[in-house]
Amino acid sequence: MNIDRKQFFKVLAAGTVATSGVSTLFARERKLLPKNAVGILYDATLCIGCKSCEVECKKVNGMSGVFDTKLEQSHNVSGIWDGGNDLDSKTLNKIKMYRNGTSSTKDKETNGYAFIKRACMHCIDPNCVSACPVTALTKDPITGIVQYDKGACIGCRYCQVACPFNIPKFEFDKALPEIVKCEMCKHQLDKGGIPGCCDVCPTGASLFGPVEKLMKEARRRIKAQPGTKYRYPVSSLESGETQTHTVQKYISYIYGEKETGGTQYLILSAVPYEKLGLLKLPEKSAASTSEKIQHTAYKGMIAPVVLLGGLLYAAHRSTKQDSTE
Amino acid sequence: MSNYKPIGGKLLTKPFIVMMALAGIAGILLLQRFLFGLGAVTNLSDGYPWGLWIVYDVLTGTTIACGGYAMALLVYVLNKGKYHPLVRAALMTSMFGYTLAGISIFIDVGRYWQIYNILLPKYVNLNSIMFEVAFCVTTYILVLWMEFTPVFLEKWATPKAKAKMEKIIFIFIAFGVLLPTMHQSSLGTLMVIAGDKLAALWQTGWLPITFLLSALVIGFGMVIFESYYSSVAFKRPLETHLLSKMSKFIGGVLVLYIIFRYGDLIWRGALKDAFAGDVNGWMFIIETILFIIPLIILFKEKLRNNAQYLFWAGVSMVLAGAILRFNTYLVGFSPGPGWHYFPSVSEILITLGIISAEIMAYLVFVKKLPVLPVIEHN
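Read top to bottom, the protein sequences are chains A and B. FYI, the numbering for the first sequence is 1 to 325, going by the numbering used here. FYI, the numbering for the second sequence is 1001 to 1378, going by the numbering used here.
Simulated from the structure, these hints should not be mistaken for lab results. Check the hints yourself; a few may be wrong.
[As the list claims (entries may be wrong)] Distance windows between CB atoms, simulated:
id : chain 1 : residue 1 : chain 2 : residue 2 : range
1  : B       : P1006     : A       : E29       : 55 to 65 angstroms
2  : B       : I1266     : A       : T102      : 43 to 53 angstroms
3  : B       : P1337     : A       : S252      : 47 to 57 angstroms
None of the values given here were measured: they were computed from a predicted structure. Where a beta carbon is used, it is the ideal one built from N, C-alpha and C, also for glycine.
Generate coordinates for the entire structure from the input sequences, incorporating the hints supplied.
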């Protein structure tokens, strides 16, 4: 009996430890880019800050403008700026501006200015998809687009906690709210089109295409001699349309190549990325760590089942004692 | 075997009426929440999507409700039958705590009308820590009510029905220990995915272990607190002899917690952040002090045999675990510059209403049902 008890406690202890997921501090393997992944290359040096991408985004996604006050809309006339202060539940993409000192020169860190476009990064290993308890957020296995299904969503907002870029937005102002995020105009892609923001961008700053080709294009730009002329594709890599601009002195790094496991939205800039509000992020996603902890603890449900067996035995024994006492 | 009986007494006391009013106010504010959305009553934002309701009502609420878990572990699994008199009251607070946490989740989620999706196989995401937590908590609420059925049966059914239930109750007891082990640890894992948004003082792969151990600490703290509360409030003899003996076991859990928590901080070199002089640093220091107070009391025989000290050890344990949760989910969480969160008055009032509802249910149950042990005069 005594030996039995000792052994039982060993099993119990092992089960408890495994169940709570001690045995790992390492992340699982990183995920790979889907074969036909599509993405956007945003080149800040080409952006003129016209915001036509914001306007088109609202148009093709059927979203209303952001009006702050009743006054702004009085007499049926309203301000012509219809974007929010930042990404929000009515704004899927947003052009922001960096200013320093006299703001006299474009794409200069000191006494200069630069634009930056923010939208969903469409991570290769998205935290939001890993976090969602009801599979409302999924990554398309072909295009890699991170998409949302409101029929599944329960509105727990764990995706917002999980996203390192604070992308998913929630309609706090509605009684029947939804999560709102950029889905790379997948409804346009289905019709053979391209995302609205790239479609209307007059300079090719927002460029649509297969991620691998966009990556090659970005590397070519970084390698090009600053000051020389370069033929920049406009709208999409396959559009055939190009514009010639002078190459700026790029930061020799593509933002999105490695961040949180890599993203399908890539950014080039001549101003350091952290000045544009783009965070330094680890190369592995937080999802890879949390999934490893979870799947080690619950591998084949062995630990919980063993623990349950031990508990059933123990509880049965002590309740039987109770009733015979 | 212990005997229990209702303590009786008047139900509509003055404090009870005040609590009814608080619950009523919360009810009106809840109407506003469901008619006009979460933004109408809360200060939640896209940066701080989780606030007081998640961190207090759900997270701290279920952990405070771990008395049932802690006592079931001690009495049924470690077979320490002498603590049996403490079980029923502990089980009951767990039942209320978890049930109200379930209700709070329903209030907090945006798309509550399809909350059942979490239980539909076609929507399952096994990678999601939230899925595991939601599934385990839902099941555990059912298990707790089943574990408590002997109390109802004792009052309303034949002895035969009660005997039948007691034959199979060990199944519910076993699940009643397994499920909290799973979800209380996962409530820690939940924040791993927040990555760098959670400060290094709290972000670690050991979150599941520290959350599980601290849940047990809070659970025992709550048993101590509650035992003294019912002694004083209902003029019953103190149970210090039982509690003091139990405290050696609690001390062990506390030591384990300290080893994991602070060993990890030292290992990662994050401990220096405690002295940064900022809000995070100070809150961490408060959290640490609250964990150390009970440690000192429990390991000094003289102190732990003293009812007053033991009471404060229990209170400190509960506060320590609660602060750990607030720190991990709110204080140490930063989505970036420009975002701020402090609960709105309405949010706080709704939380107070929920707490009132819980206390009222406790009072009704102990007065009308056989929950507290019969006083033995010896």
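Here's how the hints hold up against the structure:
1. For B/P1006 paired with A/E29, a C-beta distance near 59 angstroms keeps the hint of 55 to 65 angstroms intact.
2. For the pair B/I1266 and A/T102, the supplied restraint of 43 to 53 angstroms holds, since their beta-carbon distance comes to about 48 angstroms.
3. Take B/P1337 and A/S252: their Cβ atoms lie about 27 angstroms apart, and the range 47 to 57 angstroms is violated.
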